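Line order of the protein sequences matches chains A and B. Following our numbering, the numbering of the first sequence begins with 1028 at its first residue and continues without gaps. Following our numbering, the numbering of the second sequence begins with 397 at its first residue and continues without gaps.
Keep in mind the hints are simulated off the structure, nothing from the lab. Keep in mind the model is a prediction, meaning the values are calculated, not measured. Keep in mind that a hint or two might mislead.
Pair ranges (Cβ atoms, derived) [unchecked claim]:
#1 B:G571 <-> A:E1041: 52 to 60 Å
#2 B:K553 <-> A:H1109: 54 to 62 Å
#3 A:Q1106 <-> B:G571: 24 to 32 Å
#4 A:E1084 <-> B:R617: 29 to 37 Å
#5 B:G688 <-> A:G1090: 53 to 61 Å
If you want the footprint, here are the derived chain A segments under chain B, 3+ residues with CB under 8 Å [stated by the list, open to error]:
#6 1074-1081
#7 1092-1100
#8 1104-1112
Backbone N, C-alpha and C fix where the C-beta goes; we use that ideal spot for every residue, glycine too.
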Amino acid sequence: MYGPRHLYSRHIHERELRFLALVLLTGCVIALQLGEGLRLAGLQGAGWRAIDLPALERRIDVGNLSEHEAVWYHEATRQETHATGAEQRP
Amino acid sequence: MTAVTCELCPRGCVIPEGAAGDCRIRVNLGGRLRATTYGRPSAVHIDPMEKKPLYHFLPGAPVFSIATAGCNLHCLNCQNWQLSQRGGEEMEEIYRLDPPELVRAAREEGCRSIAYTYSDPIVFYEYVYDTAELAHAQRLANCFITAAYINREPLRKLCGVIDAVNADLKAFDDGFYRRVNGATLKPVLDALVTMREEGVWLEVTNLLIPTLNDDPAMIRRLARWVHDELGPGTPLHFSRFQPLYRMRNLPPTPVETLDLARREAKDVGMEHVYVGNVLGHEGNSTYCPRDGTLLIGRVGFMITHYALTPDGRCPSCNERIPGVWRSAELFGEQP
Ligand code: SF4
């Protein structure tokens, strides 16, 4: 038997596939966004922030910001660096 | 790649090259930590001393007030978040005022004091320190308005050039500090004790936020701690909350809550308890703790009545009121 009922069910099948593809695509986009967010969050370990470095350097170059060396700091020990994930480049 | 560890505040940020500390303005460039807003304030105003609020320090004096971007706290109710929660490279407005120019500008504007304020000046420590030293050399007083989240050694050194502090004690509850400010309570308490030990004039502000830190028992604990550790003569300001930034879901503090806080603090023996951000409240004014005489009447930031003797005493009972009432008390009489 190959009647209208059969055609109807094949039509449903195609529509479902298209819908499924759309859902998968949306899922991928969300996953990519989340992944990027998590990557940035992971980079910003305990107590440091990624910044817009080119913007900072531009403003230092024109004298709007300063390169004045801070006091009260030391070169991080290997242990400190490792514990906070600060060995990763922002 | 050389990471650096900042020792200035209890966060102790370990900062890789090309990144900033949590306060956004201390940046590791080439393995050295840079104070990127040194000499580059983003807010410059002349305020009355009462706005800081400092009620027992040179009353009525205009104070040259500055701040740069950045802060080491992240309060959900921040009043100055456009300034404090941004890095220098994100600011539209930046002024060039290196320490000598800043001191000169303050003098030219007729100010005998400079306030480091608005954001938290801890994060632009080097700028404060160098300016404050120069200011002292020219008989200008230095006021530091802060949340006191700073390590002991840097604070000790800073106290050598600072004359007055208003410190925000946000709640007497570590959980509150963690949830609302992204900080912890103990370092703040330690810092206040250090300031007292170092002889800096100190006033304390507690902003009361409905449902979060307005429990009378907590207020009483806070006042008792101030009484026992800092002294009963320490001015204590209870300030009214206004819904701002990320805390717009709560109403302004009812005046009754501020009245209650004032009563609690007086009950534990605090002698100078003020109510802030409520215009015309009797708690804006200073009274003699011994006989109740009105000594300094204030409406908002304006002084409407002044009865203290030149050496800071009550004119009727001669009680000495703690404070710094004339700049001669800091620098001696003008030669
Ligand atoms: S001052 Fe800034 S960089 Fe230094 S520890 Fe505190 S938040 Fe981190």
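Now for the hints, and whether the structure bears them out:
1. B:G571 <-> A:E1041: 52 to 60 Å: 57 Å, holds
2. B:K553 <-> A:H1109: 54 to 62 Å: 30 Å, violated
3. A:Q1106 <-> B:G571: 24 to 32 Å: About 30 Å separates the Cβ atoms of A:Q1106 and B:G571, which means 24 to 32 Å holds.
4. A:E1084 <-> B:R617: 29 to 37 Å: Because 48 Å falls outside the window, the suggested range is violated.
5. B:G688 <-> A:G1090: 53 to 61 Å: 56 Å, holds
6. 1074-1081: Answer holds; 7 residues pass the 8 Å Cβ test.
7. 1092-1100: This one holds; 9 residues, not fewer than the three required, reach chain B with a Cβ under 8 Å.
8. 1104-1112: Three-residue rule met by the stretch 1104-1112 of chain A, so holds; n is 5.
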